[in-house]
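Asker: Sequences listed follow chains S and D, in order. Following the numbering used here, the residues of the first sequence are numbered contiguously, the last one being 319. Following the numbering used here, the residues of the second sequence are numbered contiguously, the last one being 1331.
One or more hints might be untrue.
What follows is a list of derived Cβ distance ranges for each label pair [to be verified]: (1) D/LEU1060 - S/HIS122: 30 to 40 Å; (2) S/ASP33 - D/ARG1087: 52 to 62 Å; (3) D/GLU1123 - S/ALA309: 27 to 37 Å; (4) S/VAL271 - D/SER1045: 26 to 36 Å; (5) D/SER1045 - S/PRO107: 17 to 27 Å; (6) D/LEU1108 - S/LEU280: 21 to 31 Å; (7) S/GLU117 - D/ALA1067: 39 to 49 Å; (8) D/ARG1242 - S/ASP149: 41 to 51 Å.
Straight line, CA to CA, 16 Å or less: simulated EDC-like cross-link-like pairs of lysine to aspartate or glutamate [what the hints assert, rightly or not]: (9) D/LYS1092 - D/GLU1123; (10) S/LYS92 - S/GLU75; (11) D/LYS1197 - S/GLU269; (12) D/LYS1197 - S/GLU275; (13) S/LYS307 - S/ASP33; (14) S/LYS307 - S/ASP238.
Since the hints were made in silico from the structure, they are not lab data. For each residue, glycine too, the CB sits at the ideal point set by N, CA and C.
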Amino acid sequence: MTPLLEARGLTKHFAVGRGLLGRGGGVVRAVDDIGFAIESGRTLGVVGESGCGKTTTAKLVLRLEKPTAGQILFENEDVAGLEGLGLRKYRKSVQAVFQDPFASLNPRMRVDAIIAEPLITHERLDAPAVAARVAGLLDVVGLPARSRDLFPHEFSGGQRQRIAIARALALSPRLVVLDEPVSALDVSIRAQILNLLRDLQRELGLAYLFIAHDLAAVAHMSHVIAVMYLGRIVEIGDAAQVAAAPQHPYTQALFAAALPAHPDERREEVVLAGEVPSPLNPPTGCRFHPRCPKVMANCSQHEPKLKLAGGRQVACHLY
Amino acid sequence: MSGLLEVSGLSTQYVGARGTRVTRAVDDVSFTIEAGRTLGIVGESGSGKTTLALTLMRLLPPAARIAAGSVRFDGEELLSKSESQMRAIRGKRMAMILQDPMASLNPLFTVGDQIAETLRAHEATPRRTAWARARGLLAAVNIAAPERRVGEYPHELSGGMRQRVVGAIAISCGPRLLIADEPTTSLDVTIQAQYLKLLGDIQREHGLAMIFITHNLGIVARMCDQVAVMYAGRLVEAGPVRTIFNEPAHPYTRALIESIPRFGDATERLTAIEGQPPDPSALPPGCAFHPRCPLVVDRCRVEAPSESRVTAQHRTRCWMAAPAPADVLKG
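The shape of chain S in the complex, shown without the other chains (with noise of 0.2 Å):
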């Protein structure tokens, strides 16, 4: 089975500017030659830090930014030749969902005319079958039929990330990307809307991008889970198994750092010395070997590829 969308050697590579004196000046390589690929109904979870390259990606996928090199395929087209018709199909195809509701819905529209709003640019409806198409909406997102006449600073945070579902929704979309689509909500809301994204993948049999750095939400929500690190992937596997025994040292410090969900669960103390190094500048060799404790000799060389252990890919040379 051919892949709803696929990355292929996804490079994207930004050019700092140089100084005044000319001096400075460089490349960030924010995403590094990765691949990846999301089916049909199922959700791929991309973790990692500040500086990863998780949401450049998010962005490569949106095509808010072209790849520098490699590709992106959905359902087998080229995304970065695409114009026209093409590029509108697939805009109506690929939807996302931002972190903060206070910022990605537009305070001066009412609920009816933000939700309403790809509808009348994508699809030629008439005034009813809009409001009809938003009327549904709100139903499936779980809002009142009343919230169509409010406007956004009228709801809670919660209440708010479900017209912008509603939205993403609005064209029936085969894939959303998730952007940190819970770290802006309150504890007891998020469980509502991960639960609402589950059951919203279910019955329309959605794809999803889901960016998070809450490890266990992403472990909960994903099929498979990329761990980015420094513009690469440094593991890519079936959830379960990589949130269960990580292979990667750095998925290893990561899951180990997770905080518990309760006082007697006891983790694996893998406290990682020092901090993310610049991308401007990414270190020799394996991009983690710094701060790696288990560092050998050619780490510093050698960049590792990905290769199969424990079930999943991983970029180590301790496999």
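Following the hints, position chain D against chain S.
Answerer: What follows is chain D alone, placed relative to chain S:
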């Protein structure tokens, strides 16, 4: 044994501009923390946890007033202290770490200046000595190359290092109590782990009592001995961490614990709490949690639950957890 900090019946209110609208941000809160121990205060936005911390430090904005209660620190009543007496205590005997280190540090002064300022204000340390101690404190919070970093400005440091500098300032005068308000929320996962480990090490070394104000039960599970759960300004449950995680007595606490995704738990759906936290300026009558509570009975809608003891150390405010008072049983 009496505690280092004893808070009883504490109520803090925000008063609207015309004096008519009163928001009970903290309502009749009592707890004790002993020297060297860690208390987690858990709540969502609007639960009053930050107002509580500001009340303890006497750093409330002008619109707030402390309506009732007492805060005894090391045997002294803080609420009757003058502002100048509080200034001598704050930063010296009790210190605070806030969420955003960029907002706590002054961008125009070097790291060394800012650490030295606290020492000079409280201990009249000469400038040179204060700078030497600043270098020592940077080393104590695991900042590499402290002799170089001490002369740098906050913008030259990473987020994790800035928060370490804030920690260095907090411990500079050897406080007995450290209040940390969401100290790791702005940090990455592995940096958060480093910082929490550092705080734990500092605590053990100096016998510091700590209060963690957080929305994250994971931090409580990792760091705290005791936990107090706040909802709509009230302390709805308090007790030892293990007891609360294993046998929560309040339906809100139980739902919060069950709503967190866990590793290796294959259940399809999370337990969600329906509805949303109430607006603190328009609380529902009776128990503020009743509109969301799965166990709600008529009494919850009209009468706010009084505090009851589940065990000697475990308190809660819930009619369903409380044994009915004798007079109700008779009548």
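Asker: It remains to establish, for every hint, whether it holds in the given structure.
Answerer: Verification of the supplied hints:
Checking the proposed 30 to 40 Å range against D/LEU1060 and S/HIS122 shows it is violated: the Cβ atoms sit about 51 Å from each other. Here the CB-CB span from S/ASP33 to D/ARG1087 is close to 57 Å, well matched to the stated 52 to 62 Å. A hinted range of 27 to 37 Å for the beta carbons of D/GLU1123 and S/ALA309 is inconsistent with their spacing of about 56 Å. Distance hint check for S/VAL271 and D/SER1045: the Cβ-Cβ separation is about 30 Å, which falls inside the suggested range of 26 to 36 Å.
One distance hint, 17 to 27 Å for the beta-carbon pair D/SER1045 and S/PRO107, holds here, with the actual separation near 19 Å. At roughly 27 Å, the beta carbons of D/LEU1108 and S/LEU280 sit within the given window of 21 to 31 Å. The given range of 39 to 49 Å is respected by S/GLU117 and D/ALA1067, whose C-beta atoms sit roughly 47 Å from each other. Between D/ARG1242 and S/ASP149 the beta carbon distance is about 49 Å. The supplied range of 41 to 51 Å therefore holds.
A hinted pair counts as satisfied when its Cα atoms are at most 16 Å apart, and D/LYS1092 with D/GLU1123 qualifies at roughly 9 Å. Of the pairs offered as hints, the one joining S/LYS92 and S/GLU75 holds, with about 14 Å between alpha carbons and a cut-off of 16 Å not exceeded. In summary, the hint linking D/LYS1197 to S/GLU269 is supported, as the alpha carbons are separated by about 10 Å, within the 16 Å threshold. Only pairs whose Cα atoms come within 16 Å are accepted, and D/LYS1197 paired with S/GLU275 is accepted, the gap being roughly 15 Å.
For the proposed pair S/LYS307 and S/ASP33, the alpha carbon gap of about 15 Å is at most 16 Å, so the pair holds. Pair hint S/LYS307 plus S/ASP238 holds up; C-alpha atoms about 14 Å apart against a cutoff of 16 Å.
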